[in-house]
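Trainee: Take a look at the letters that make up each chain.
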Amino acid sequence: MIWVPLLLSAAHLISFSLWTIWISFTPSTLIPVSGWVGLRNYSAVLASRNWQIAFDNLLLFGGAFVVLSAATGLILAILLDQRIRGENVLRSIFLYPLAVSFVVTGTVWSWLLNPGLGIQKLVHDLGWTSFRFDWLIDRDMAIWTIVIAAIWQSSGFAMALFLAGLRSVDADIIKAAQIDGAGPVRIYRRIILPSLWPITITVAVIQLQFAISTFDLVRALTNGGPGIATQLPALVVYDLMFQRSLLGRGAAAAVLMLLILLAVLLPYAAWRYIQRRRAAHA
Amino acid sequence: MRDRSFAPSRILIYLIVSLIAAAWLAPLVVVVLNSLRSNEEIAQASMIGWPQQWAWNNYAVAWSGFCVAETCAGIRPYMLNSALVTIPATIFSTLLGAIAGYAVSLWRFRGDNWIYGIVTLGLFLPQQMRLLPWTIVLRDVGLINTLTGLVLIHTIQGLSFTTLFCRNYYVAIPHELIRAARIDGAGFFRIFWRIILPLSGPILIVTVIWQFTHIWNEFLYGVTFTTGQQQPVTAALIALSAAVADIPQHGVQSAAVIIAALPTLLIYLLGGKYFVRGLTAGAVK
Numbered sequence: 000m001i002w003v004p005l006l007l008s009a010a011h012l013i014s015f016s017l018w019t020i021w022i023s024f025t026p027s028t029l030i031p032v033s034g035w036v037g038l039r040n041y042s043a044v045l046a047s048r049n050w051q052i053a054f055d056n057l058l059l060f061g062g063a064f065v066v067l068s069a070a071t072g073l074i075l076a077i078l079l080d081q082r083i084r085g086e087n088v089l090r091s092i093f094l095y096p097l098a099v100s101f102v103v104t105g106t107v108w109s110w111l112l113n114p115g116l117g118i119q120k121l122v123h124d125l126g127w128t129s130f131r132f133d134w135l136i137d138r139d140m141a142i143w144t145i146v147i148a149a150i151w152q153s154s155g156f157a158m159a160l161f162l163a164g165l166r167s168v169d170a171d172i173i174k175a176a177q178i179d180g181a182g183p184v185r186i187y188r189r190i191i192l193p194s195l196w197p198i199t200i201t202v203a204v205i206q207l208q209f210a211i212s213t214f215d216l217v218r219a220l221t222n223g224g225p226g227i228a229t230q231l232p233a234l235v236v237y238d239l240m241f242q243r244s245l246l247g248r249g250a251a252a253a254v255l256m257l258l259i260l261l262a263v264l265l266p267y268a269a270w271r272y273i274q275r276r277r278a279a280h281a
Numbered sequence: 000m001r002d003r004s005f006a007p008s009r010i011l012i013y014l015i016v017s018l019i020a021a022a023w024l025a026p027l028v029v030v031v032l033n034s035l036r037s038n039e040e041i042a043q044a045s046m047i048g049w050p051q052q053w054a055w056n057n058y059a060v061a062w063s064g065f066c067v068a069e070t071c072a073g074i075r076p077y078m079l080n081s082a083l084v085t086i087p088a089t090i091f092s093t094l095l096g097a098i099a100g101y102a103v104s105l106w107r108f109r110g111d112n113w114i115y116g117i118v119t120l121g122l123f124l125p126q127q128m129r130l131l132p133w134t135i136v137l138r139d140v141g142l143i144n145t146l147t148g149l150v151l152i153h154t155i156q157g158l159s160f161t162t163l164f165c166r167n168y169y170v171a172i173p174h175e176l177i178r179a180a181r182i183d184g185a186g187f188f189r190i191f192w193r194i195i196l197p198l199s200g201p202i203l204i205v206t207v208i209w210q211f212t213h214i215w216n217e218f219l220y221g222v223t224f225t226t227g228q229q230q231p232v233t234a235a236l237i238a239l240s241a242a243v244a245d246i247p248q249h250g251v252q253s254a255a256v257i258i259a260a261l262p263t264l265l266i267y268l269l270g271g272k273y274f275v276r277g278l279t280a281g282a283v284k
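Same order as they appear, the protein sequences are chains A and B. Reminder that position 230 of the first sequence reads as 229 in numbering that gives the first Met the number 0, one-by-one numbering, no gaps. Reminder that position 124 of the second sequence reads as 123 in numbering that gives the first Met the number 0, one-by-one numbering, no gaps.
A few of these clues could be false.
Derived, one-sided and incomplete: chain A residues facing chain B with beta-carbon distance under 7 angstroms [as the list claims (entries may be wrong)]:
| id | residue |
| --- | --- |
| 1 | Ile1 |
| 2 | Pro4 |
| 3 | Ala9 |
| 4 | Thr19 |
| 5 | Ser91 |
| 6 | Ala98 |
| 7 | Ala159 |
| 8 | Ser212 |
| 9 | Phe214 |
I should point out that these hints are in silico values taken from the structure, not numbers from a laboratory. Note that beta-carbon positions come from the ideal geometry of N, C-alpha and C, so glycine has one too.
Using the sequences plus the hints, can you model the full thing?
Mentor: Shown next, in the form of structure tokens:
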């Protein structure tokens, strides 16, 4: 009785994952069927334009989002670390988007970024009629609207982690450096920022993991459009499974998502393991 | 850097921080203002503007008037759906997570580390890997397109988070306490109710806030496993924006967005401290 919840959770994770992997090798379309088609589903997914665009978008979105949200979070954390008044209120403001669903975030940003309704319209109405900010309907730029909304939503999280890191830097070392005549910029560059590396890597991995599974935000903001310009792997999986009823291919796309995730998580796990070993020996 | 005396640089810091804070608040302010403007006013001007006439009526229409698909009952039934899924799933997953966390941290058994490791894998595995199996299982047990089905999914999936939170909290409880109670003849559940649960206040608050926010905001399962009148509010919001694409109703939509976001925003305002703790607890695994 005691182990039921644990076993239930562990068993469903293992069996469901294996189940999806198995389906990805079957010729299933509308319903799951047995059979073996080897890697046919995988080659079909990899050859599709939808997936290729989704994968390129993921590289661009994942890279830009991780770097920019970590940078924003770090800047916010450094600013808040200056012992300023109203720190609690400011921290709450930067963190509140995290409490709101991606559906809401995506909807609101789709309005703000809509050239006929949002920021561009406002600037036009103010008299600057040549102003252009129409990324939402621009095939090449639309992916950046997702980056903007995602940064707004998630950089508060990076800030919270960085702030915890900044607060744990040894005050004596900083004081010693000050006595030696080091200025604030030098202290940040030489002492404080280097100590934040472990947190930076953790932030990057978590944000990448989020980027890989991004679904609701895109669904609400651009729905993959214009055309399929903001397609992402999670949308491809959903489309194959539930809109085109190609279960085998959908499962293959889901497994590909898992492989992308492992490409991020396995090096991270190895790094964590080495760090811990080193800490144990020190 | 931590110097209060150098005034100009501090003014600059305050200026930058206030500007960023304003940018972060702007989307919320825009939506709140739009929820009080009429649809015509927004269509003529832009999404960004002060209400000319306060259209409080938007909230009434959003709550119980507008139409999604063929039903014109507003957002109310979907809010109720979300509440009926989120509240039980939060309670069940938290309680089961507390039991599981207690089992792996204080009531050791053979292979517990392995099982715990697999359970925490659930934090990383993409949801997409479990969509098809859940569809098949829910159909076979007759729970597809029901709120009960969603409660079941969120309860089981949520165990990865709740077990992790509770286990990390319980490892700090001294083993002697449990050992002494066992010598006195107390069993697993007796110790759980009498000793563990009364000590669990702080972590249960973190877990409840985390689970509530998570489940309320969830969209993929809601849209995959339910349709029409059974959908949670996140899915209904998407259906609403698709439904009003031809005749924009941004005033009403804004009100609907505010109503849908209100429960988690309130929780965040009331328990922000615990929300952040949950966030970082999930991060520094």
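Trainee: For every hint, state whether the structure bears it out.
Mentor: Verification of the hints:
1. Ile1: holds, 5 angstroms
2. Pro4: holds, 4 angstroms
3. Ala9: This hint holds: Ala9 of chain A lies near chain B, its Cβ roughly 4 angstroms from the closest one there, short of 7 angstroms.
4. Thr19: With Cβ-Cβ at 5 angstroms, under 7 angstroms, it holds.
5. Ser91: Result: holds, 6 angstroms to nearest chain B Cβ.
6. Ala98: holds, 4 angstroms
7. Ala159: holds, 6 angstroms
8. Ser212: With Cβ-Cβ at 5 angstroms, under 7 angstroms, it holds.
9. Phe214: holds, 6 angstroms
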